[in-house]
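Engineer: With the hints as extra help, turn the sequences into a complete structure.
Number of protein chains: 2
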Amino acid sequence: MLKLYHTPLSPFCRKIRMLLKEKDLAFELVNENPWERRREFFALNPAGEVPVLVDGRRTIAHSTAICEYLEEAYPELGFLGESIEERAEIRRIIGWFDTKFNFEVTENILFEKVYKRLWSYGEPSSEALRAGKRNIAYHLDYIAYLTQDSQWLAGNRLSLADMTAAAHLSTLDYLGDVNWDAHPRAKEWYALIKSRPSFRNILMDRVMGLKPPAHYENPDF
Amino acid sequence: MLKLYHTPLSPFCRKIRMLLKEKDLAFELVNENPWERRREFFALNPAGEVPVLVDGRRTIAHSTAICEYLEEAYPELGFLGESIEERAEIRRIIGWFDTKFNFEVTENILFEKVYKRLWSYGEPSSEALRAGKRNIAYHLDYIAYLTQDSQWLAGNRLSLADMTAAAHLSTLDYLGDVNWDAHPRAKEWYALIKSRPSFRNILMDRVMGLKPPAHYENPDF
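Here the protein sequences line up with chains A and B, keeping their order.
Position in the first sequence counted from 1, then plus 262, gives you the working numbering.
Position in the second sequence counted from 1, then plus 262, gives you the working numbering.
FYI, nobody ran anything at the bench for these hints, they're computed from the structure.
Treat each hint with caution, since some may be false.
Partial list, computed: chain A residues near chain B (C-beta under 10 Å) [to be verified]:
#1 290
#2 293
#3 311
#4 346
#5 404
#6 453
#7 457
#8 458
#9 460
With a cut-off of at most 25 Å between alpha-carbon atoms, the simulated BS3-like pairs for lysine-lysine come out as follows [said to hold, decoys possible]:
#10 B:285 x A:378
#11 B:449 x A:375
#12 B:362 x B:395
#13 A:283 x A:395
None of these values were measured; they are calculated from a predicted model.
Just so you know, even glycine gets a beta-carbon here, dropped at the ideal spot from N, CA and C.
Structural biologist: Pasting the structure below:
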């Protein structure tokens, strides 16, 4: 059976969890706190970071490598598109959220509020938090733009682009930092994600003594 | 003909330039300063970021999407590995440099020294610069570790893993921030990269009124 080392609030782990479920693959979830710097975990991944996937004798580290691996090894249910154009567009949107959104929003909010303390990197910067909250709005507008003529971000099929965007947004939503009501189209898209069985388990996690807002796991929010 | 929108000191653009040359593909290089926020460029890539590749009617944005696209569209000379295990390992190392090295080193040095000014983000932070320079050492040790039994980072063939690592290191080397002499094995590996014809053009660029150190483009440094 597949084994995924993860930490609950990491968007990069949440994406893989959702992908595994959507691909209908059984897997064991192993909680790993990378800030504890466990020696055995460094042996699996010298970067000391989650997610790490173990598939029999194979160990795959880094979320992009894991996604591509799962698509190659288990192609029956694919989420990276069928044509070369679709794949380029899906990977572009994945890049948007894992790089741009991550830099402009996730690092400014999740890193500052949660991980800085765990990694002993000092106090949250109020300047970073303000920037993160300011930046999130135009990303929600971009989701609205991408879904103006389609149900999902890269057309009419759920893809890894949606999973990536939802994984980032869900961690910020856990912290109460997404103003969905100001972005009705993005909210509609996210309601579809929340109603996927593959996303339910992720939303059930309660972690690190933090309580999410009341709407957090409700698909009718 | 392929057309690549780039900016000379971006490691994400340098990687694509090297890949295009190694794949023996002709391309036109278009200089784009993303901090000028050109409207026509946003029409090509709403993220407003380089690299962007135009291949006939197809536009591909984000370096990961471009690499995967080039490997799919032009598979004759491949740099992502042959077996599924090789691909997972090459993508893991790409992830290491594009995410971990980028966060721990490139953003702390290149972003602080060069891009912060261009994007009008304020003064460089001396704390970030110190962290970047401190962090670079263990990444060079990791290159030495990966190449202890092989010529290249992921075995005995040049791959996108090497191009990614070299792209990041070369921009820092341009700024004079790599202490090669303290890392002889990493230096040996980088000398191999510097002697590739695909890397020569990149090292010939002179940009933004900045002068690189004397050893910068010399393969015998």
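Engineer: Each hint should be assessed against the structure and marked as holding or not.
Structural biologist: Hints, verified against the model:
no. : hint          : in the structure
1   : 290           : violated, 19 Å
2   : 293           : violated, 21 Å
3   : 311           : holds, 7 Å
4   : 346           : holds, 6 Å
5   : 404           : holds, 7 Å
6   : 453           : violated, 24 Å
7   : 457           : violated, 28 Å
8   : 458           : violated, 24 Å
9   : 460           : violated, 23 Å
10  : B:285 x A:378 : violated, 42 Å
11  : B:449 x A:375 : violated, 39 Å
12  : B:362 x B:395 : holds, 14 Å
13  : A:283 x A:395 : violated, 30 Å
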